[in-house]
Amino acid sequence: MLIYEHSAEGRKGAPQAPRQKAPLTGIPAHLLRPESAALPQVSELQAVRHYTRLSQQNFSIDTQFYPLGSCTMKYNPRVCHTLAMLPGFSGIHPLSPATQQQGFLACMAELQLMLAEITGMAAFSLAPMAGAQGEFAGVAMIKTYHQARGDAMRREMLIPDAAHGTNPASSVMCGFSVKEIPTLANGDVDIDALTAAVGPQTAGLMLTNPSTLGVFERNIESIAKIVHDAGGLLYYDGANLNAILGKTRPGDMGFDVIHTNLHKTFSTPHGGGGPGSGAVGVAKRLQAFLPLPVVTKDKDTYRYLTEVDCPQSIGRLSAFMGNPGVLLRAYIYMRLLGAEGMERVAEFATLNANYMQAEAKRRGFDLGIDNRRASHEFIITLKQVAKTCHVSAMDFAKRLLDMGFHAPTTYFPMLIAECLLIEPTETESKEVLDAFMAALEQILHEAHTRPQLLKEAPQTLPVKRLDEVKAARQLDLRYK
Amino acid sequence: MLIYEHSAEGRKGAPQAPRQKAPLTGIPAHLLRPESAALPQVSELQAVRHYTRLSQQNFSIDTQFYPLGSCTMKYNPRVCHTLAMLPGFSGIHPLSPATQQQGFLACMAELQLMLAEITGMAAFSLAPMAGAQGEFAGVAMIKTYHQARGDAMRREMLIPDAAHGTNPASSVMCGFSVKEIPTLANGDVDIDALTAAVGPQTAGLMLTNPSTLGVFERNIESIAKIVHDAGGLLYYDGANLNAILGKTRPGDMGFDVIHTNLHKTFSTPHGGGGPGSGAVGVAKRLQAFLPLPVVTKDKDTYRYLTEVDCPQSIGRLSAFMGNPGVLLRAYIYMRLLGAEGMERVAEFATLNANYMQAEAKRRGFDLGIDNRRASHEFIITLKQVAKTCHVSAMDFAKRLLDMGFHAPTTYFPMLIAECLLIEPTETESKEVLDAFMAALEQILHEAHTRPQLLKEAPQTLPVKRLDEVKAARQLDLRYK
Amino acid sequence: MPFIPHTEQEIADMLEAIGVAEIENLFDEIPDSLRAGSLNAIPEGLTEMEVSRLLHQRARQNSTALCFIGAGAYEHHIPAAVWELCARGEFYTAYTPYQAEASQGTLQIIYEYQSMMTALTAMDVSNASMYDGASALAEAVLMAVRADKRIRSGGGAAKAGKVASNPPARILMPTNLHPVYRKVTHTIVHGQQIELIDVPFDRQTGSTDLAQLEACAGETMSAVVIGQPNFFGQLEDVDAITDWAHKNNMLVIAVVNPLLLSVLKPPGQWGETGADIVCGDGQPLGAPLAAGGPYFGFLCCRQALLRQLPGRIVGRTEDLDGNPGFVLTLQAREQHIRRSRATSNICTNQGLMVVAATIHMAILGAQGLENTAAACYANSHELATRLSALEGVRLVFNSPYFHEFVLQFEQPVAAILTALAARGILGGVDISRDYPSLGQALLVCATEMRSAEDIAAYVAALQAVLGQALEGEYPLC
Amino acid sequence: MPFIPHTEQEIADMLEAIGVAEIENLFDEIPDSLRAGSLNAIPEGLTEMEVSRLLHQRARQNSTALCFIGAGAYEHHIPAAVWELCARGEFYTAYTPYQAEASQGTLQIIYEYQSMMTALTAMDVSNASMYDGASALAEAVLMAVRADKRIRSGGGAAKAGKVASNPPARILMPTNLHPVYRKVTHTIVHGQQIELIDVPFDRQTGSTDLAQLEACAGETMSAVVIGQPNFFGQLEDVDAITDWAHKNNMLVIAVVNPLLLSVLKPPGQWGETGADIVCGDGQPLGAPLAAGGPYFGFLCCRQALLRQLPGRIVGRTEDLDGNPGFVLTLQAREQHIRRSRATSNICTNQGLMVVAATIHMAILGAQGLENTAAACYANSHELATRLSALEGVRLVFNSPYFHEFVLQFEQPVAAILTALAARGILGGVDISRDYPSLGQALLVCATEMRSAEDIAAYVAALQAVLGQALEGEYPLC
Ligand SMILES: Cc1ncc(COP(=O)(O)O)c(C=O)c1O
Ligand SMILES: Cc1ncc(COP(=O)(O)O)c(C=O)c1O
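Which chain is which? The protein sequence lines are A, B, C and D, in order. 0 is the number of the first residue of the first sequence in numbering that gives the first Met the number 0; add one for each residue after it. 0 is the number of the first residue of the second sequence in numbering that gives the first Met the number 0; add one for each residue after it. 0 is the number of the first residue of the third sequence in numbering that gives the first Met the number 0; add one for each residue after it. 0 is the number of the first residue of the fourth sequence in numbering that gives the first Met the number 0; add one for each residue after it.
Don't read these hints as lab results, they were simulated from the structure. Note that the coordinates shown come from a computational prediction; the quantities given were computed from them, not determined experimentally. Accuracy of the hints is not assured; some may be wrong.
Stated by the list, open to error - Pair by pair, the computed Cβ-Cβ distance ranges are:
(1) D/GLN60 with A/GLU339: 25 to 31 angstroms
(2) A/ARG18 with B/LYS283: 36 to 42 angstroms
(3) C/ASP31 with B/LYS360: 24 to 30 angstroms
(4) B/GLU339 with C/GLU28: 19 to 25 angstroms
(5) A/ALA434 with B/LEU31: 34 to 40 angstroms
(6) A/GLU339 with B/GLN473: 45 to 51 angstroms
(7) C/PRO323 with D/GLN60: 29 to 35 angstroms
(8) D/ARG422 with C/GLN410: 40 to 46 angstroms
Glycine included, C-beta positions come from ideal geometry on N, C-alpha and C.
Isolated chain A (complex conformation):
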């Protein structure tokens, strides 16, 4: 039932708003709203009950194992939320003088430094509001860099075919054309193809490492050399940073620009679709181009750098300062972990993924890429089962929901047919991993014996399988 269906005309008196409507004398009638907006009219109890019950219809980390590959669905420590919501932070007006927000700015300055250290970059801007905006900012910096050197012909961005969709989309938003680089069956970039592709038109290469195939790009040093030799820059998509925290640093691999998804690696909650943060880091030669604002310290006082300080900046990406509430949560998380805690993240995320990969193989699943170390995630391909039993990876996913697990990422990366991309994260226990693997094995068995169980799944959720085709064909996008 929609909140609108609990509404009754004439219900009123929310105790949250001023009791009376002050007169709007002086506004010409033709600028005023002729009748009230059609919003629901419900009591606070009705609203609380409705949204509490809706919440219960979600899977979430706090209720289920959520091994969504590429998304790093780790535990979000509660203290990050309660501290970030302290009135001393939640009450700051973004345009209040810097002197009035020194406590907040101190956190941001330290966060910039910590991110630079863990990634091996020279400087960071916290401005981008999600990974994709970080990519935009990074690619725009690459563009501005070439332009600033008078190197205006570099119009092409190289992107491996395994890359996330945001990589090509971001490049195009910056005015680049995109050239895809193929990936070998072992998961590494095809170096020959890359060598053939680079040239004076090459602005740069965008790479995720470990890649979206769940393996570490072993030739990263050669790749960096090829691109750099051709005059291009290297962009690091930080979505998979969780796998290497404290173990190896993108800056040391040769990357010039990087975005980090704080809502993945640094545990800020995903909120059912954001807010996130795609903080960007750069090597020295790109520092002047960082998006604004950036926090700096003059003597004992923190303040934001502006266009006056940074005339070469690519500019601003939001009205104020990105998503400070998210940044605070990441800051708190990093302080809780410390250097030693970060290294543990990579170790146990990797241990969990490799354990599941070994178990998957043992239980008869085909791996997307065989005979390699998994990074923090790995891929199962159901191509064979699909052919034999006429069930799809999507059917597997839906059946998992019935067993109380969120499904892994399906059909991404696109290179591997009928794939499940599985990322357990470091915060899950062996108990959970074993239960999940047992469920997967049971479903494999069901696929052979009772495939309709998969096709008709889910059966235990608030709704059964939803008709996506109908949704797109007979558009119903709002309550009427």
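Using the hints, position chains B, C and D with the ligands against chain A.
Just chains B, C and D with the ligands now, kept in the frame of chain A:
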């Protein structure tokens, strides 16, 4: 699954506690614990997931209609919680000097005054921690009053048979014996029996008005006269105060002592079994006996009254000040409502109950007491259906759970066979009341056509009907 | 209408269904003479915004000074997850779990709580909570008396009103128990003719004086109460007292701090056979100070005393399909069934605080509790050493204490505390009036929350305060 | 190990299953040359207690002065229930609702949000949010350009890289729009060769100058942007501008404050046929100020532009049994399907803020929003009247404004603000540098949160400040 079943030996390092265990040098070995307590060893994620999922196994006001008679399960405004949890309140040490808690004490002083005004009593103490402790305090004050007057023979407390079990139990804890007074079929106290029962041994009479039968005691003035003439005092059990807020006042009816359940009438949440508050109010002649602490104002400063100020007090009931967090929530609620809002509480609680009563009758149910106004609650008796269809009030209750409603109170008051005591409260909408009545009617129909549906209910909850007899026979009271 | 969802149309429809013209008619059974007038002392309703502003103001009027007060309520770190979970509507707005199938969340938590409390105390059973530590002690005393066959013909407080002629039951209560606990116990039990007999403490150690106890050997006492640590923070020789009591046909009632039980010998292991009843305040397990509550009382006992245990108890059972589930059990002890013959009048208890304590213990685990308790020990000892090194300050007792200790001054403690408060330090509790024999005595506590800087700040402030004249800063009465 | 649940035994078992001796071996594909050294700039881990202490300290270092700043972020009362519900783990810790059946909570809320936003704006469709108001404006500009058949051969930003030789698309951007919105739009769109053409405002009214617009009549412009109210808080003649734009083959992009839409004419009703694209910042609907975010951008449009709309969209559909349910739909617009030819690169958006806004609107309803908006209006007018009555202060514009207004001073605004801050007043935003033609100009706002006393405090403080010498208090640069 129990939290213990998620435990693994050797899991450790809660980031919430000091990292190391400091040495306990100087404590003799025989005073120390030889081995760690058998508590579960889980990660924060495991705990959060476990308890989040357990929470989802509860019915609650925030998720379901909860018409539990005598319990006043109204909406608990969320702002009462967020404000009561402000660090400025939650951080106060109870033994810090009064000068350090003036903001808190100001709220308490005003709460005392507001409760006195709405009940018509001379003074209040906020000390009792639930209704039953309020009863204990009130009855103890009656005892002390008689003793202070040298009237030591008054050893008997009169209590109508419809009364809540806490009334007789509280009287006995104070050293009284209990005499039951019968109730007439129309719900009023049997005046003749009362007249016959009073005497020089009468310490007082405990009454709930409106009574637990859901009707207003019309002869309250005569009753008060009879008891007072015999030298006894009148005790008001305030569990049903919601019905008369702002409409009539116990003090004006002649009551000498009263407790109010702030966790009912004044909307502090019940928390799955408390904490509550049973603040007690008294007429002038009992003021000296109020339990401590009581808040007072000297010039501009608030402070607690102590034994030095109140040598005749019955004493203290808790180590500090009752349940301040509960008291704060009640205070905030009362300030939100104001005088006009309180009167509306009684009006709409009564409207809802009478509407449901009329609907129940129209839909073929037998009323516990017919042809009277319901107060804020009313009774259905299923005696006839039980006889005809061999289903019980409990079966009705369980079937209601399947339909998404919490059950009304069953088998209380004991006077009325196979009864459901239904209290909707003022915060529920007609939409909800109609849905509930339709469900009741459907169950009545099912009782005649498919009684097994009732007997096997519930079917849709985390567990099916639980075996209470087995629980009591084969005691399993902790994880071993 | 704030919080009331009715529209004009719905009101009209409902009145029509009832068959009255207006809401006022529904109150026509109330005699006119009793109708209330206007409620002048109740201010007009506020909007949520207005009430928020008011309460924020009030919150700011309470101090945020550094707290070195203990005496039964302790400032501990509470993991953020605890109250984030407790405040979930499904816990926060449920009633007592009368409909078991619709209350498995609350019921299972209570079962887990009972498991954890019995583990901490090493006792057989726990109930689902009492109001607080002080009232739990009173109930423990009532249990002991009911269990004492020499006093009463049979269990049940029900007889109380009728046995006034019996000899009064007696309980040995050391004076080094929390003074308010002793007062509360008196308030609650004296209606049932129970006498609380003082036992003095040893002036050197602050602990219960075994010689004094020995004077009561052979007398008919239902129980002896032991606090571990006692009100002064001093440790008692619990084994010796327990064995002495049992030898003399008395039960042992332990009053303990549940956090410290993570490192101190649990009452179930005291002496040869352990304590019989264990109670205390659960505040150190997840309850914020909050001006005194809500906290909760815990109450555990040996299996033999189970039927005397007041309050709710949850048991594990099975559903129709044989799956495990939880219910309230042994309800025949309770007032809603047994009425005047119940073990107690308690009904609503402190459920939500039990949820908090359970989650708190689950998150910290035994190791977290141990590290916390040990940090309290270390901080208090550090503070005691440094304070008592100051001129004019001495530690009163000479035997082991845990996280509270008593200091003695030459100047009036009340004046010292006022001067400290002006420097942002809540220095402890003045116990001079409760214990005149100790002179100008101050009870001080430093939990794990007090950092090295906090401790240094106290030392510096006290040094400054003692160095100046204190005349007239505080009325001495 | 904080947040890591593995026991030594489990680690051993897992390594054995993998077939390696130690965890380190799992990293053996990383070239040795690339292994990281120690991370010196990252401090040691803190316990939760330590981190709480630190963050409380940091929180106290931010001011709690009375806030009269607006300029795109407004201090409004947020019902307590909003964040109590948003913070529930099921909302807070879910991912984007890719598995629809396991995400009906989030999906239904987005559908309700789309319904409410289209109701407020009187538009046909809404997406599920953009990052913020400024980036939403940039996306609106991109939409308008993609929709402009005169500029591009066909939809899809994909072509951007290849059409460098096309004539640049142009958009009319009044200078009375938020200066940072204009900057952000430039940052985001200029890579696609889109030109933003300034339109000056009328010096008397602060509103868009129709005469200046008329100068562009006949030129190929993809759209004109209108702020209602504009950055100065002044109201625009939206009907006239909308009709002018449509007559001249331009789309109309409205930038609006969603709270004020409860009382101002909705963009869907501007002029004869309404605006085409509506965007703005959702902050006034339930987001705390929080140093600048997270807030969220909203983006609505007419049905005809639906396929150009970036971001997520939720549709209602049916399940196998024919029961209603919700899914992400029209995903072929998005980057994860369309990649380089997507409408935008946006992926993660501001989901939780949408949950907050939906609950906020549900609780307040139209009436609550209207009363709030009207209170902002009343407070700002009261404040403007009283401030501009002071010597040396004048209101710059002479036509209707809503809840922000511009004052002009003879003394430097920067110095005045510093002096006010010292008196606990955040007096507004100095816009002198962005708008030199306005002289020493200050943008001031008073929402419903500012009580009569607050307003009086500002007036008194400003009076005091203006009465004193201000030399050198603030560097003027
Ligand atoms: C590999 C990869 N790159 C980029 C992104 C985009 O990040 P965001 O969703 O924060 O914009 C994602 C996240 O979905 C991703 O998995
Ligand atoms: C009529 C009546 N009296 C007394 C009580 C006891 O109140 P409490 O549970 O707060 O102790 C109740 C509540 O259950 C009640 O309904």
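A quick look at each hint next to the structure:
1. D/GLN60 with A/GLU339: 25 to 31 angstroms: 28 angstroms, holds
2. A/ARG18 with B/LYS283: 36 to 42 angstroms: 37 angstroms, holds
3. C/ASP31 with B/LYS360: 24 to 30 angstroms: 28 angstroms, holds
4. B/GLU339 with C/GLU28: 19 to 25 angstroms: 23 angstroms, holds
5. A/ALA434 with B/LEU31: 34 to 40 angstroms: At 39 angstroms between Cβs, range holds.
6. A/GLU339 with B/GLN473: 45 to 51 angstroms: 49 angstroms, holds
7. C/PRO323 with D/GLN60: 29 to 35 angstroms: 52 angstroms, violated
8. D/ARG422 with C/GLN410: 40 to 46 angstroms: 42 angstroms, holds
In the structure shown, a violation is registered for the earlier hint numbered 7 alone.
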